[in-house]
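Undergrad: For the protein sequence lines, the chains are A and B, in the order given.
The end of the first sequence is residue 605 by the working numbering, with every number in the run present.
The end of the second sequence is residue 605 by the working numbering, with every number in the run present.
Because the hints were derived from the structure by calculation, they are not lab data.
Treat each hint with caution, since some may be false.
Given that identical chains are not distinguished, each listed pair holds provided it fits within a single copy or across any two copies.
[Claimed, not checked] Only pairs whose alpha carbons sit at most 27 Å apart, straight line, appear in this in silico DSS-like list of lysine-lysine:
1. Lys569 - Lys347
2. Lys347 - Lys404
3. Lys404 - Lys420
4. Lys388 - Lys463
5. Lys388 - Lys299
6. Lys347 - Lys192
7. Lys515 - Lys459
8. Lys603 - Lys299
9. Lys404 - Lys569
10. Lys420 - Lys459
11. Lys463 - Lys299
12. Lys567 - Lys404
13. Lys462 - Lys420
14. Lys515 - Lys388
15. Lys299 - Lys404
Number of protein chains: 2
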Amino acid sequence: MKAEIIAVGTELLLGQVVNTNATFLSEELADLGIEVYYHTVVGDNPQRLESILEEAQERSDLIVLCGGLGPTDDDLTKDTVAAHIHHTLIQDEQALARLHEFFAFSKNKMTENNLRQTLMIEGGLAVQNPTGLAVGTLITEQGTTYLLLPGPPNELKPMFQQYARPLLEELFPQEEQLISRVLRFYGIGESQLVTELKELIDTQTNPTIAPYAKPNEVTLRLTAKSGDEKVGQQLLDSLEASVMALVGEYFYGYGDENSLAKVTVKELKKHKKTITAAESLTAGLFQSTLGDVPGVSDVFKGGFVTYSAETKAAFLGIDRSLLEKEGTVSEACAIAMAEQSRIAADADFGVSFTGVAGPDELENQPAGTVWIGLAEKGKPTIAFLQHFNRDRRSIRQSAVMKGLSLILQAVNKKK
Amino acid sequence: MKAEIIAVGTELLLGQVVNTNATFLSEELADLGIEVYYHTVVGDNPQRLESILEEAQERSDLIVLCGGLGPTDDDLTKDTVAAHIHHTLIQDEQALARLHEFFAFSKNKMTENNLRQTLMIEGGLAVQNPTGLAVGTLITEQGTTYLLLPGPPNELKPMFQQYARPLLEELFPQEEQLISRVLRFYGIGESQLVTELKELIDTQTNPTIAPYAKPNEVTLRLTAKSGDEKVGQQLLDSLEASVMALVGEYFYGYGDENSLAKVTVKELKKHKKTITAAESLTAGLFQSTLGDVPGVSDVFKGGFVTYSAETKAAFLGIDRSLLEKEGTVSEACAIAMAEQSRIAADADFGVSFTGVAGPDELENQPAGTVWIGLAEKGKPTIAFLQHFNRDRRSIRQSAVMKGLSLILQAVNKKK
Chain A
191 MKAEIIAVGT ELLLGQVVNT NATFLSEELA DLGIEVYYHT VVGDNPQRLE
241 SILEEAQERS DLIVLCGGLG PTDDDLTKDT VAAHIHHTLI QDEQALARLH
291 EFFAFSKNKM TENNLRQTLM IEGGLAVQNP TGLAVGTLIT EQGTTYLLLP
341 GPPNELKPMF QQYARPLLEE LFPQEEQLIS RVLRFYGIGE SQLVTELKEL
391 IDTQTNPTIA PYAKPNEVTL RLTAKSGDEK VGQQLLDSLE ASVMALVGEY
441 FYGYGDENSL AKVTVKELKK HKKTITAAES LTAGLFQSTL GDVPGVSDVF
491 KGGFVTYSAE TKAAFLGIDR SLLEKEGTVS EACAIAMAEQ SRIAADADFG
541 VSFTGVAGPD ELENQPAGTV WIGLAEKGKP TIAFLQHFNR DRRSIRQSAV
591 MKGLSLILQA VNKKK
Chain B
191 MKAEIIAVGT ELLLGQVVNT NATFLSEELA DLGIEVYYHT VVGDNPQRLE
241 SILEEAQERS DLIVLCGGLG PTDDDLTKDT VAAHIHHTLI QDEQALARLH
291 EFFAFSKNKM TENNLRQTLM IEGGLAVQNP TGLAVGTLIT EQGTTYLLLP
341 GPPNELKPMF QQYARPLLEE LFPQEEQLIS RVLRFYGIGE SQLVTELKEL
391 IDTQTNPTIA PYAKPNEVTL RLTAKSGDEK VGQQLLDSLE ASVMALVGEY
441 FYGYGDENSL AKVTVKELKK HKKTITAAES LTAGLFQSTL GDVPGVSDVF
491 KGGFVTYSAE TKAAFLGIDR SLLEKEGTVS EACAIAMAEQ SRIAADADFG
541 VSFTGVAGPD ELENQPAGTV WIGLAEKGKP TIAFLQHFNR DRRSIRQSAV
591 MKGLSLILQA VNKKK
């Protein structure tokens, strides 16, 4: 079972866009037990795409194409693949209905070229697009299967996971199943995690261990191969226990779609606790990150962005003399922000962020210096000094992740 | 002058690593006037790499290979390319000297396999590695030039910029330069933009026009080819004028690294106006987006996240009877939030967001229904009803972008 991925788009060849689709699809296909032998990128040029298709057809059982399903004249993937296998394009009624709904709801004008997005290759299966308008196709011709997906990652990913993946699982059933489990860690870097787990990693055969570094966290994917789901799960249980014995203190949750914010919201809900925040350098990023979690309204009612000394005083009632004496990037300020916001919002927890996002210094403190305050009803308020590296955006994100981890720790201590 | 990029590494095909090298090299080569026609990724397998080299040699003048120059047994790029062009590998003395220095300095033990990294292809030019140990090669054989670079981006980038790029400039002198300009548009979809510009796009030769859709905005890259920078700029000026005549009302700024938030902050600064916000469904995302812009503290002092009816009343003093009678997803609520936040923060502008982020309905209104309020000192407050599509995250981001555009419009009206 050999597969390859062809990404179509001149923007990739000009270096304007990174080919993250190939990475995502490779990971998904590996998970389905389908081996990927090549990635190719070709521009919006039907002749060159056709020549790539000719080679690909010779060497691969499955060809996944991404990009070139859009409304414009340079979106030629569907036409080129259809011509390659001597099929025509037809309208997909479900995609057409969605297109009309989309424009009716947003009240934007629908231009004629949008109809191109609802075309699929005749004789194939339509692959619906839950977050966009371009429909895909899955079609097998002369022993080669072609899967056409759109280019924007925010369309390709949900489309693959919801619709294309189940179709591939049916088409290419695995004798041995790959069963995987993702463990998520916060507070430990990839190189340290890998060092701690060196012996486990060096001796891995079944299950395998794949570490992956993301901003501010590391995930481990444990994958077992087995003809029996139950045996596979037992293999994973046993490996997970060995991993946890070494680095369990950094573990916070399971799953690809999980996040520290989701786990924090879930634990707050479980303990029936509410949270608020007063944010200076993060300017709303902590609250916005909570706001990404559906159902957060049970535990989060609102909070404050106090970017200047004036708003720290005006919104939270912090003593101006404290701000002048201690400075805004200080333990005292972080404590006052956390406490006063908790009281103002009548919440169980109040978290505060004050520091230097950069690029310039502030109050003679370098970019990356951050105080995080944590107020909890009925307990003394504390603040933590952090030093984060890199650019403005990373510093703010690192601060938010640290804030989430502090809340998670505090709420779990209450058990 | 046709080029292609071949990345070698099984980790790329497993989806463990993103092929950012191809993106970087594509951008650099475009800048040198060298057109990239293909990217390929192949695993650490000499037979498959050889078959890719055979094709590449037929269709390209320059083949850039990255990856597989390291010390381990699966690093086979040098051996495979050398065999392909019937050359041998020889030791590069400069790389060997650096290797010995490196291990002497770090006092680590040098294992034998490190010597592999100092080999280059006989008859070529050594390309030194300023941040690593693996030496590269530039060699031309039968009209095709091969450039071998290492895989780690932190080695590949400095090596290309310091050593490989000057060699390529000498080998392939540019007669004509590529000069490009990026125009950014908000409030028009890609399909409509392309429809409006259809005639310009259909007749493009020099300069060319490349549209690109990003979340909530569209960019146009205009690229002129000319032997004379000034002539190139004039070509771009003239095309830009034609574009602006058709879709100028949606244009908001220039450049790859620009954003609606940056332009909005810049204009607020220019007009010496300050801004605040009261956010419900966006939960701090608007303020956090402003906070991403360095120097925003001149125009933004702070604001409110009022996620519940209680905090709308408590933080902003909104009449509880208004909230009960009109609901929180209402024009009246958006207006009150914008006005009260503007007064509380003593700002020139107050913007508010209240609506349904989803996935569930709220107050019998579907996900995507959003009211955005705009209060301006000395003017009547107004609110705008929007209907955004897609998922929770997209709805919140779309609302933020619309809020920025409303502020931008309002501040520019004051001229």
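Undergrad: Could you work out which earlier hints the structure fails to respect and list their numbers in ascending sequence?
TA: 1, 3, 4, 7, 9, 10, 11, 12, 13, 14
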